[in-house]
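> Residues per chain, in single letters:
6 protein chains.
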Amino acid sequence: MIIYDQLIERLLSEDVPYGDITTEAMGIANVSGIMEFRARFDCILGGVSEAFAVLKKAGTEPEIIYNSGSKVKAGTLFMTAKGTAGQLHTGWKVAQNIMEYASGIATRTREIVDNAKKGNPAVVVACTRKSLPGAKTICMNAVEAGGAVPHRLGLSETFLMFENHSVFFEKESDAYAALEKACSKLPEKKTAVEADSLDAALRAAKAGAGNIQFDKVKPETLKEWIKLIKAEYPHIIIAAAGGVNASNAEEYALTGIDVAVTSSVYWGKPADIEVVMRPL
Amino acid sequence: MIIYDQLIERLLSEDVPYGDITTEAMGIANVSGIMEFRARFDCILGGVSEAFAVLKKAGTEPEIIYNSGSKVKAGTLFMTAKGTAGQLHTGWKVAQNIMEYASGIATRTREIVDNAKKGNPAVVVACTRKSLPGAKTICMNAVEAGGAVPHRLGLSETFLMFENHSVFFEKESDAYAALEKACSKLPEKKTAVEADSLDAALRAAKAGAGNIQFDKVKPETLKEWIKLIKAEYPHIIIAAAGGVNASNAEEYALTGIDVAVTSSVYWGKPADIEVVMRPL
Amino acid sequence: MIIYDQLIERLLSEDVPYGDITTEAMGIANVSGIMEFRARFDCILGGVSEAFAVLKKAGTEPEIIYNSGSKVKAGTLFMTAKGTAGQLHTGWKVAQNIMEYASGIATRTREIVDNAKKGNPAVVVACTRKSLPGAKTICMNAVEAGGAVPHRLGLSETFLMFENHSVFFEKESDAYAALEKACSKLPEKKTAVEADSLDAALRAAKAGAGNIQFDKVKPETLKEWIKLIKAEYPHIIIAAAGGVNASNAEEYALTGIDVAVTSSVYWGKPADIEVVMRPL
Amino acid sequence: MIIYDQLIERLLSEDVPYGDITTEAMGIANVSGIMEFRARFDCILGGVSEAFAVLKKAGTEPEIIYNSGSKVKAGTLFMTAKGTAGQLHTGWKVAQNIMEYASGIATRTREIVDNAKKGNPAVVVACTRKSLPGAKTICMNAVEAGGAVPHRLGLSETFLMFENHSVFFEKESDAYAALEKACSKLPEKKTAVEADSLDAALRAAKAGAGNIQFDKVKPETLKEWIKLIKAEYPHIIIAAAGGVNASNAEEYALTGIDVAVTSSVYWGKPADIEVVMRPL
Amino acid sequence: MIIYDQLIERLLSEDVPYGDITTEAMGIANVSGIMEFRARFDCILGGVSEAFAVLKKAGTEPEIIYNSGSKVKAGTLFMTAKGTAGQLHTGWKVAQNIMEYASGIATRTREIVDNAKKGNPAVVVACTRKSLPGAKTICMNAVEAGGAVPHRLGLSETFLMFENHSVFFEKESDAYAALEKACSKLPEKKTAVEADSLDAALRAAKAGAGNIQFDKVKPETLKEWIKLIKAEYPHIIIAAAGGVNASNAEEYALTGIDVAVTSSVYWGKPADIEVVMRPL
Amino acid sequence: MIIYDQLIERLLSEDVPYGDITTEAMGIANVSGIMEFRARFDCILGGVSEAFAVLKKAGTEPEIIYNSGSKVKAGTLFMTAKGTAGQLHTGWKVAQNIMEYASGIATRTREIVDNAKKGNPAVVVACTRKSLPGAKTICMNAVEAGGAVPHRLGLSETFLMFENHSVFFEKESDAYAALEKACSKLPEKKTAVEADSLDAALRAAKAGAGNIQFDKVKPETLKEWIKLIKAEYPHIIIAAAGGVNASNAEEYALTGIDVAVTSSVYWGKPADIEVVMRPL
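Chains as they are written, first to last, in our numbering: chain W, 340 to 619; chain E, 340 to 619; chain C, 340 to 619; chain S, 340 to 619; chain D, 340 to 619; chain U, 340 to 619.
In short, the hints are calculated from the structure, not lab data. Just so you know, not all the hints are guaranteed correct.
A pair counts as met if it fits within one copy or between any two copies, since identical chains are not told apart.
Heads up, simulated SDA-like pairs for lysine to any residue below, C-alpha to C-alpha not over 20 Å straight-line [claimed, not checked]:
# : residue 1 : residue 2
1 : K520      : K555
2 : K421      : N503
3 : K520      : I575
4 : K432      : I575
5 : K545      : S512
6 : K545      : R349
7 : K557      : E502
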């Protein structure tokens with residue numbers, strides 16, 4: 340994980356383009372103090388390195404007690420920062436906000452991962468690229484903190500064929516012929532195909548797909564299909580996507596899928612973080 | 340509202356740094372088609388201008404049927420884009436993702452606004468700066484599409500005194516003296532003070548605060564306090580913050596507040612948007 | 340105040356995109372030395388933190404003796420930097436130029452502030468957004484160093500109605516009705532209206548304006564009008580703009596205005612700074 | 340001249356990061372209108388192409404009647420823009436501000452150029468790199484509009500030896516030896532040396548300098564020296580710098596200098612431009 | 340393929356930060372003309388879309404006759420641009436330089452691809468990320484124009500284990516255990532392992548590697564090894580890297596490899612392009 | 340030489356937008372180690388400062404043993420970096436790739452410089468702006484490391500008249516009249532003119548050109564012409580361009596040219612650098 344200054348400056352300057360007028364007008368900008376970050380609820384921390392960089396850029400001296408990926412209890416002090424009131428206020432909300440969103444994502448990710456592993460310890464949870472617009476790095480790091488992996492980072496590095504590709508062919512058979520060609524052109528990648536029927540899956544597998552991603556297929560159906568597909572294509576990867584979440588992750592894991600694909604980790608309430616300052 | 344290319348290029352290049360290998364490998368990059376965007380559920384649209392700009396940059400010719408702020412029924416076709424399959428796929432997910440997040444925010448905002456107005460048609464809903472990190476413009480536009488206003492854009496343009504400011508003074512009276520001075524230094528702004536007690540509010544009002552922002556005070560208590568405060572300071576603005584949401588907005592509005600401050604609009608499921616392509 | 344690297348790199352790379360060919364060709368790039376900055380005239384320093392950041396980025400070790408906002412006598416040594424001749428020359432002119440412009444602004448600001456305070460110690464000087472294009476941060480910091488405040492940072496965070504808004508209404512009464520609505524939509528802001536007559540001011544005040552900004556009204560007239568307006572609207576803020584400068588600031592302050600708005604601080608000769616290097 | 344979007348977006352987004360709340364709140368954002376730019380005083384226009392780009396980016400349809408470099412009378416309409424009130428207000432001040440600063444620079448430049456040419460039609464006016472920080476392109480274009488040329492764009496493309504270089508040599512003769520070497524290393528450039536005495540100039544010329552830049556030497560003295568230098572070094576270029584301005588440009592031109600170097604064009608009041616909007 | 344303005348502005352502004360002084364000083368900046376681009380030698384064109392964008396940004400009206408990927412004969416006119424001499428000169432060299440480098444890469448790529456296909460029509464040529472620093476997009480597009488695919492875009496989207504990873508394990512068996520775990524964590528990717536012996540390859544295959552990349556193994560040896568590996572692991576992908584070039588591509592292709600990995604396409608003489616202007 | 344973070348972040352983030360998945364998945368991201376850079380062949384080092392900055396940004400502690408410009412033997416250890424395996428792998432290839440390209444350029448530059456100096460120790464080698472697109476700083480630094488100078492950095496700071504300028508004049512005499520005017524407008528620059536005949540050179544010289552750049556003229560012809568030109572214009576600079584390379588540099592130097600202009604240094608194989616890691 341590498342945190343780029345460019346991102347940090349962008350986030351900070353959006354919030355504080357010209358300084359903090361409140362601490363200035365109150366006449367406390369140069370008073371020394373400490374700021375403490377505590378989890379308000381049990382959670383998996385996320386965004387801690389990013390917040391550290393924000394606080395550094397704001398001029399404070401931050402210290403990390405628990406880093407991203409740590410499971411902390413409500414009330415746990417996990418980060419502090421020392422500096423003037425002006426510096427602390429400059430960094431406060433941006434740091435807090437990143438960590439609240441990222442910890443929310445990490446916590447929801449971990450829950451899905453834990454539930455999925457109950458069904459099958461070998462299953463992998465992969466989070467989609469439907470991450471918060473403008474916060475891709477933060478989200479990818481939070482996903483990793485939660486124990487999942489990114490599904491695909493974008494269009495330039497993974498092959499994933501959708502219905503929105505097949506429609507451009509006159510005949511279905513043309514689409515599969517094109518898929519077969521595509522697979523042979525990209526030998527270093529596991530080419531993926533979205534399917535919603537057993538037949539579609541088998542045809543994709545036959546054409547050379549390395550990964551079948553079932554969209555919105557119920558667990559009980561999936562279980563049947565996977566047996567049939569793996570019998571014929573033992574090395575193929577099967578992923579379930581569309582509606583996978585914490586409540587059904589275990590059930591999906593039990594179907595025999597290799598990968599549970601989900602966007603749901605990005606959505607929901609940020610993890611509440613208490614921020615308290617004191618003079619030093 | 341102005342959409343900057345810099346933002347659009349950043350969002351698009353994060354997802355498609357070097358082109359879409361799937362349409363390339365499938366050999367359909369140059370086939371002409373149309374892409375249609377439909378709401379899957381009733382919602383208030385958001386992010387439409389931003390998505391338009393993304394689709395333009397991707398090389399397509401987009402057309403807006405319903406713009407941000409429109410209330411649309413499930414199934415409504417609200418935008419189309421024409422182009423090659425390569426161009427359509429390049430813009431697809433980024434455009435969709437922005438609109439899903441923004442429409443989610445706009446829809447939740449509108450719900451709070453509508454509920455608050457039931458309690459008091461004059462009440463204003465203001466959304467905080469705890470917006471998605473990196474998506475400030477998109478969020479502010481979505482808030483406006485939903486009928487609310489931004490609470491404060493950042494630290495450089497509004498005065499808002501918190502407990503985290505007062506702690507830097509030895510005595511409470513010093514803090515209020517500083518507040519009084521600050522108010523006189525910033526005559527062009529309505530200086531705001533966060534309070535959690537009637538006493539704190541009255542002292543802030545006496546010091547010249549133009550805006551009292553009550554944090555996590557229950558509606559019934561708030562009602563009492565507002566009466567007492569407004570009796571003495573009829574021009575003062577009262578805002579309620581901390582836990583205001585769609586379910587209690589009406590009740591809060593009935594307390595006599597001028598402003599309901601909320602972050603809850605940013606959190607929750609994005610509005611689902613169906614994207615279908617067809618050859619042309 | 341926070342100085343962003345992005346600004347510093349932009350300013351420095353504009354001047355030194357690929358290194359300093361003079362020190363290179365002279366063969367002294369690696370000789371150690373010290374560079375000293377002295378005020379050539381009495382002035383209020385500005386831009387010192389920005390120059391510090393420039394000198395740091397150029398590779399030198401700068402040291403600040405007097406910071407922005409300090410009143411220094413002609414000849415005062417206020418900053419030094421140690422480094423190789425190559426580093427010193429790389430940072431020299433960019434650092435000097437920022438400080439000369441900013442100190443000019445700070446000095447002119449302080450003069451207006453001092454003169455205005457002679458008329459009325461409570462008056463606030465606010466500097467407009469007609470700052471040097473591309474140097475907003477530097478200008479805002481210089482204004483603060485001079486003892487004034489920014490008037491408005493831009494269009495997104497303050498409401499200020501001009502004649503150029505009213506012309507879009509068919510009848511004057513429609514404009515005031517719209518103003519009234521606007522004020523109620525933005526309760527957290529002190530809405531401002533530019534006026535050039537008593538009647539316009541009173542109508543704006545009646546519509547809910549929190550701030551009347553008189554444009555190019557003579558002090559003696561202003562004095563009369565303010566009395567009449569404040570009698571009816573004691574909480575309203577009155578600002579004078581258009582032609583306020585060091586020579587008339589006291590006279591304007593005596594009229595009873597709360598705020599003197601000026602752009603004149605940005606214009607004029609930069610404060611001359613002598614820069615001398617020596618080998619070490 | 341080429342105007343980069345990056346610059347235009349930076350200037351515009353500094354002023355309007357999230358839209359114009361005044362036209363929004365007044366409910367006129369979508370009303371169509373026209374905006375007219377007129378010179379308030381006789382001036383040389385500057386910044387017109389840059390303002391055009393700003394107005395375009397703001398969504399309006401601008402039209403140029405007189406471009407940068409044109410000499411216009413007070414009251415002349417030189418540019419218009421059509422668009423919605425929202426678009427017009429978005430672009431207004433940024434466009435106006437660029438043109439006011441740039442026209443001020445162009446006008447002062449032209450005055451110096453005209454005066455210098457009275458003394459000697461062949462003399463060239465060169466403006467230094469002490470331009471407004473962050474506005475280098477705008478300033479260079481304004482200088483050109485005024486009829487002068489840039490002196491040096493920065494450290495990477497011109498050789499200019501100052502006292503601050505010589506101090507790094509133990510003996511003066513070492514400095515001149517280094518200069519001689521430097522000149523032979525940079526045959527494609529006219530190497531320049533700042534001098535304040537005849538002796539220094541002659542030694543620099545002997546070492547191979549192609550350009551002697553006299554700093555703060557009085558015209559009558561300069562005249563004598565130039566005769567002596569040119570007698571020996573007929574191809575050498577002589578520049579006068581330090582205190583050259585409109586009032587003494589003619590006198591300096593009469594001394595026989597080839598180039599008058601000045602920073603004074605950047606300093607002074609921007610050219611006043613009237614901006615009026617009307618509905619359409 | 341999508342061309343970002345940000346890249347185009349960066350390349351153009353590096354070369355032309357403030358306009359072209361030659362056409363300005365010659366007084367021809369506004370004369371209309373046409374510029375023609377012709378291949379000096381037979382080549383595969385590359386960079387044409389990028390050059391088109393550069394020429395557009397420079398203000399000209401470019402027209403593409405043959406696009407990237409086209410095989411053209413020496414002397415072929417493949418692009419023109421109309422505009423003023425100022426605009427044409429602004430875009431000339433940057434456009435030409437991009438196309439010369441990119442066409443050089445595309446031509447060398449095509450040669451390797453053609454030779455490799457002689458050995459085995461199914462073999463895929465993959466070009467490494469050792470592309471010209473700062474020109475990744477241009478290089479990736481040129482590689483595609485030449486008929487190859489990118490090998491890996493970077494560290495964030497492909498798994499490739501090197502000796503420089505194994506050294507961090509105490510025992511070799513620990514490294515393979517870690518590899519096995521890694522493969523199961525990344526089911527959606529074809530994990531790759533660099534090997535230089537048959538034993539290493541077999542152990543990696545056993546651990547789950549989807550792709551064995553042999554480094555600097557001679558064709559005759561490779562042929563033997565591939566037979567043995569594919570016998571046991573028929574689905575595994577075998578790549579040859581390290582010294583693959585146009586002269587040995589056919590021989591490598593005959594070994595049974597699936598992928599020929601090369602960096603050599605980036606190195607060598609750019610394809611010469613003749614640029615001629617004429618007035619119109 | 341100054342290295343801008345913006346460049347370093349751009350190069351690094353292109354390769355590692357979200358972290359290195361290989362070290363992560365292998366579980367070694369936090370193991371400490373050292374990375375050593377050794378030249379594989381005798382070469383002149385280039386890009387070392389840039390690589391240092393990359394490695395620093397990646398989080399490692401780099402140390403330079405031999406800097407850019409050093410002549411090193413094959414096998415020489417010239418740089419190390421300490422850090423975690425995650426940090427080392429993050430910086431590895433980007434640092435190596437910059438140094439390989441830059442050292443290749445520096446080495447080829449030194450060879451031309453050395454050969455040219457054999458012919459004439461006073462001759463200067465100037466490298467054109469046909470540098471790798473996007474790597475201008477790196478290339479200019481490498482050229483300097485090799486002992487040459489940049490020819491022209493771009494269009495905004497040097498005057499160089501080509502045939503592509505002359506064609507815009509109706510008569511040849513008009514072009515020379517324009518050239519004469521241009522020379523007098525730019526007294527601080529040595530105006531250059533590309534020529535391919537003695538006559539053209541003499542006419543340019545007569546018009547005031549300070550620099551004649553002969554394009555693709557054979558050494559023996561050049562020698563004759565130079566004698567004739569210098570007889571009449573002893574101060575004029577003569578440059579040879581078009582096909583100058585290591586094999587003919589000495590011969591060209593013997594013709595009496597002042598400058599040998601070449602692009603060939605940018606083209607060719609990067610200098611091979613071995614990178615080995617070890618745990619610490």
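> The structure should be examined with respect to each hint, and the outcome stated for every one.
Hints, one by one, checked against the model:
When the C-alpha separation of K520 and K555 is checked against a cutoff of 20 Å, the pair qualifies neither within a copy, at 27 Å, nor between copies, at 29 Å. Taking the shortest alpha-carbon separations for K421 and N503, only the inter-copy value of 14 Å comes in at or below 20 Å, while the best intra-copy value is 53 Å. Proximity of K520 and I575 under a CA criterion of 20 Å is satisfied in both settings, with 18 Å inside one chain copy and 18 Å between copies. With identical chains, the CA atoms of K432 and I575 are never at most 20 Å apart, being 46 Å at best within one copy and 26 Å at best between copies.
For the identical chains of this complex, K545 and S512 are intra-copy neighbours only, at 12 Å inside a copy versus 35 Å across copies, given an alpha-carbon limit of 20 Å. In this assembly of identical chains, the alpha carbons of K545 and R349 never lie at most 20 Å apart, being 47 Å within a copy and 38 Å across copies at closest. Taking the closest pair of Cα atoms, K557 and E502 come within 20 Å of each other only inside a single copy of the chain (19 Å); across copies the shortest separation is 44 Å, beyond that limit.
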